[in-house]
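Asks: The residues making up each chain are set out below.
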Amino acid sequence: MASYNTNEFKNGLKIMLDGDPCSITENILVKPGKGQAFNRVKVKNLKTGRTLERTFKATESVEAADVEDIDVEFLYTDGEYWHFMEPETYEQHAADGVAVGDASKWIKGQESCVMTLWNGAPLSITPPNFVELTVMQTDPGLKGDTAQGGSKPATLETGTEVKVPLFIDEGDVLKIDTRNGEYVSRA
Amino acid sequence: MPAMSESWRPAASREVMQLRARMLRDIRAFFDQRGVLEVETPLLSSASTTDPNINSFSTRYQHQRLYLNTSPEYCMKRLLAAHGDSIYQVCKSFRDGELGPNHNPEFTMLEWYRPGFDMFELMDELGDLVQMLAGNYSLKSDSVQKISYAEAYQHAAGINPHATSADECRSCAVKHSIEQPVGLEDNIDEWLDWLLTQLVMPTFQADGFTFIYDYPESQAALAKLYKNQHGFNVAARFELFYGDTELANGYNELLDADEQRRRFEHENRQRVKTGLQLSIIDEKFLEALEHGLPACSGVAVGLDRLLMLLTGVDKLERILAFPFPRI
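Taken in order, these protein sequences are the chains called A and B. Be aware that the first sequence starts at 1, since it is given in the numbering used here, and climbs by one per residue. Be aware that the second sequence starts at 1, since it is given in the numbering used here, and climbs by one per residue.
For reference, chain B alone in the conformation it holds in the complex (with noise of 0.2 angstroms):
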C-alpha cells in the first residue's frame, strides 16, 4: 500500500508506460499486415451481461439505466452481422467485484472475430500474435502448446471432465490434498472451475504458452457446440494461458438466435437461484443473430495481463498507471 500522501502517484514506471504503447503499435501493425479493421464501439450499454459469474456495473444517462461492457462482444457482433468484415478492438472493459493479484475491476480487452474462420485457425491467429509480441520483448520462451480440455484433465487429474460427477471430483480433491471450499457442494461445472485452477492450471508448462480447446457443453457461453472424435458434446471453446495465467478466450461463435436466447434465460435463471440481480438481455444484439451473422471465431485478451508477463512485472497494479485503490 503507497502511504496516503504517494497515492496520487501512478504504480506503473515510466518504462511499463512505454512497453505499453509500443505493444499496442505491435498489436495495431499486426492487424493491419492482415487486413483486420480497426472498429470502436460503446462501452455503455442499455443491456447487462447474463453471465452468472460475470457482473456489469450500472450507472444511469438522466433517468435511463445503462450499464458498462464487461466486453465489446455483443455490439462487435452487430457489425459483423451488418457488414461481415475482420474487425478488432482495443476497449476498456468492466466487471464488478473482480479485485485480485490478477484482476482490475477495469481492464484493456483486445478482441478480435474472423469470418470463415474455424476455432484452430483463431487459435493458430492469437499463436502468431504472442509468438511476434513474445519475440519484441525478449520473453524467455513462445512455445505454444495446444491440448483438450479433456486430455488436461485427464493428466493432472486423471478423470474426465466430459463424464463425472461430483463425488469424483471430491475425492480426486481429497487424492491431491486440495481444500473443498465452504460452499462448494454438488454443482459439476463449479468443481470443473475449482479443480482447473488449483489442479491443472498448475500443470501447464511454466515458461510458454499453452491452449485448451473443447469445454464442456455446460461451460459453452456463446460458443458452438459440437461432437468432438471421441463422441462427446463439447463447445468450440478455448482459453490461452502462459504458465498458469489465464490471456484469453475464444468461440468458434454460436449463429443460432434461438439457442442464444435458451442460454441467455437459462443463465438468467441461475443468477436468480444464486442470488443475483436479473441481467437485462441484449435483444439488439439478438436481432442481430435473427439477420444472420457469418460463420466466424473470436477471442478476447487480457491486454494487462499480456503486458505483466511481457514485461517481467510480477503484479498486475504495477502495470496500470492508476489501478484501483489509486482512483
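Here chain A stands alone, though its shape is the one from the complex (with noise of 0.2 angstroms):
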C-alpha cells in the first residue's frame, strides 16, 4: 500500500484519514526548537467537502489515497446517474447524484468538466467556473432599472434559480459562476 511520510506533507496531498480520501489544505510545523517535532494539517475530506483538522508526530507514515483528477466532457443524465466522457479516449463514466453533488445545478451536456476518481470510481465532479444558460422563466423585467442593483428569482434550463438583475428577460442568456452560484452578466 502506498504511503506518505510526514516530510512529503504538502497542499494538494491526497491521503485516508478515518477510511475517508483528503486532501491537505494546510500545513504546520509544531517543533519545540529540540523537541518533537508535529505537523498540524488542515484536510478537505474529499467525499463530504468538510474540512478537518489533524496533528501527526512527524517521521509518521500515512496511507496515500488513490485519487486523481481526470477531464471529462458532460453528456446527459438519465434521472439516475449522469454520465461523462473521456474526450481523449472516449472512455465513458457513470456518477451517481452524491458524486455528482452541486455540479448538477450547473451542467446540462457538453460541458468540460474535472471527474475526480478515487481508486477508479467517480468521487466528485467539478464543473466549469463560469457557465452559460438560458433564463426559462422570470417576472417581466423593469426597463431603465439597470442602475438600480435590485434582484428577482430566475429559473434556468438546469432547473436552478438565481438571483438576477430586474431587467433581465426571459430567453436570456446568462453567465454564471459556478463558485459561488452568483449571476455575473448577460452572455
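Some hints here could point you the wrong way.
[Stated by the list, open to error] Below, computed lysine to aspartate or glutamate pairings styled on EDC-like, alpha-carbon distance capped at 16 angstroms:
1) Lys14/A / Glu26/A
2) Lys42/A / Glu267/B
3) Lys152/A / Asp139/A
4) Lys273/B / Glu60/A
5) Lys34/A / Asp96/B
6) Lys34/A / Glu317/B
7) Lys34/A / Glu217/B
8) Lys34/A / Asp189/B
These are calculated hints, taken from the structure and not from any lab test.
Dock the two chains into a complex; use the hints.
Replies: Shown next, in the form of C-alpha cells:
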C-alpha cells in the first residue's frame, strides 16, 4: 500500500483519514527547538467536502489515497446517473447523484468538467468556473432599472434558481459563476 | 504567495532591513562593552548533529561528504577549550525539514559562551540583552519572568514532569481537550514536548519574556545534570520565550567527554529506531572536551524570531530578505 511520510506533506497531497480520501489544504510545523516535531494539517474530506484538522508526530507515515483528476465532458443524465466521457479515449464514466453533488445545478450537456476518481470510481465532479444558461422563467423585467441593483429570482434551463438583476428577461442567456452560484453578466 | 512574476522581490521591507542592521549593531555594542569577543567558525562541518529531532543538510567538497552547521556549538566549544575567552558569534544555521510560520530552514543565530557563569547568571545576561533591545525598539513590555519547567507544568497542567507517565499525560490531554497526535504513543519526552507546546507555553505572559529552566534529565542535550532542591535529577538547561514564541536555548555546559559520547551514541541509537540516518559524531569536539572545557554556560538565540518580535511583524517570512520560497 502506498504511503507518505509527514516530511512529504504539502498542499494538495491526497491521504486517507478515517477511511475517507482527503486533500491537504494546510500543513504547519509545530516544533520546540530541541524537541519532537509535529505536523498539524488541515484536510478537506473529498467525499463530504468538510474540512478537518489532525496532528501527526513527524516521521509518521500515512496511507496515500488513490485519487486522480481527469478531464471529462458531460453527456447526459438518465435521472439516476450522470454520464461523462473522456474526450481523448471516449471512455465513459457514470457518476451517481452524491458524486455529482452541486455540479448538477449547472451542467446541461457538453460542458468540460473535472472528474475526481477514487480507486478508479467517480468521487466528485467540478463544473467549469463559468457556465452559460438560458432563463426559462422570471417575472417581467423593469426597463431602465439597470443602475438600481435590485434583484429577482430567475429559473434557468437546468431548473436552478438564481438571483438576477431586474432587467433580465425570459430567453436571455446568462453567465453564471458556479463557485458561488452568482449571476455575472448577460452572455 | 507572491505572484510568480514578483517572486524575485525581497519579502522584507526596507524598514525591516534597517531595523535588522540596527539590532545587529546594538548586539555587537552590548558584547563589546562586556568584553565578549566576536568570533567566526566554519558553517561547513565534517560531522552532523546526532540530535534525533534535528537534521543536517549535507553537501560535499569534491568527494568529501560535509554538513552545514545546525548551530556553531561544537566549534565554539573547541575555541573555549583552547583559549578560554568569553566569545559570541552571529551566524547562519541550517536545519533540514524545518519550514513553517516560525521556521525557515536557514536562519540567523546568536550564540555566546561565558566561562565561570552558571545557568542563572547567563539567564540574567540574556535578560539584560533582550531588555536593552526591548527598550531601544519600544516593545510593549520588557517584563522578565523566571519559572522552573516543573512549576510551569504544575501550574498549567497539574502534573510533575519529572515523575509522570504516558498515561497521566494522555488523561491530562483528554481533560484539557487536547488532540492526541497520530503516532504519539508511550514516549514520555514526546508527550512532554507536545503538552509543552499545547498547554504550558500558552500560559506564559503574553506580553513579556518568560524563562523556563531545569529541564527533564532526558532532555538535557548538552547540559550538565544536577539534583534540584526538590530532589529531582534535572538538566541545567533553560529556554527563553516571548509570549509563546521560543527565542533561546541555553545550558550550563556538560564538561565530561565520556558522558557526552554516551549521549551522542544514545541519540544515534534513537535516530536509527525512528528510521533516520545515523549521524557522524564530532570527534574533534569530543577531543576538545577531553582536553578540558572551562566550566561555562552558553546560549543560542534565534535572531529572526527576535527581530519579528522587535518590529511587530507577525510573519517570520517578512523578516527575511528572501525566505525559503523565494530562494
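Asks: None of the hints should be skipped; say for each whether it holds.
Replies: Okay, the hints, checked on the actual structure:
Only pairs whose Cα atoms come within 16 angstroms are accepted, and Lys14/A paired with Glu26/A is accepted, the gap being roughly 12 angstroms. Restraint check for Lys42/A and Glu267/B: not satisfied, since their Cα atoms lie roughly 32 angstroms apart, outside the 16 angstroms limit. Between the alpha carbons of Lys152/A and Asp139/A the distance comes to roughly 8 angstroms, so the proposed pair stays at or under 16 angstroms and holds. Restraint check: the Cα-Cα separation between Lys273/B and Glu60/A comes to about 13 angstroms, which is no more than 16 angstroms; the hinted pair holds.
For the proposed pair Lys34/A and Asp96/B, the alpha carbon gap of about 14 angstroms is at most 16 angstroms, so the pair holds. At most 16 angstroms may separate the alpha-carbon atoms for a hinted pair to count; Lys34/A and Glu317/B exceed this at roughly 22 angstroms. Among the hinted pairs, Lys34/A with Glu217/B is consistent with the structure: their alpha-carbon atoms are about 13 angstroms apart, no more than 16 angstroms. For the given pair, Lys34/A sits about 11 angstroms from Asp189/B by alpha-carbon distance, which is consistent with the 16 angstroms threshold.
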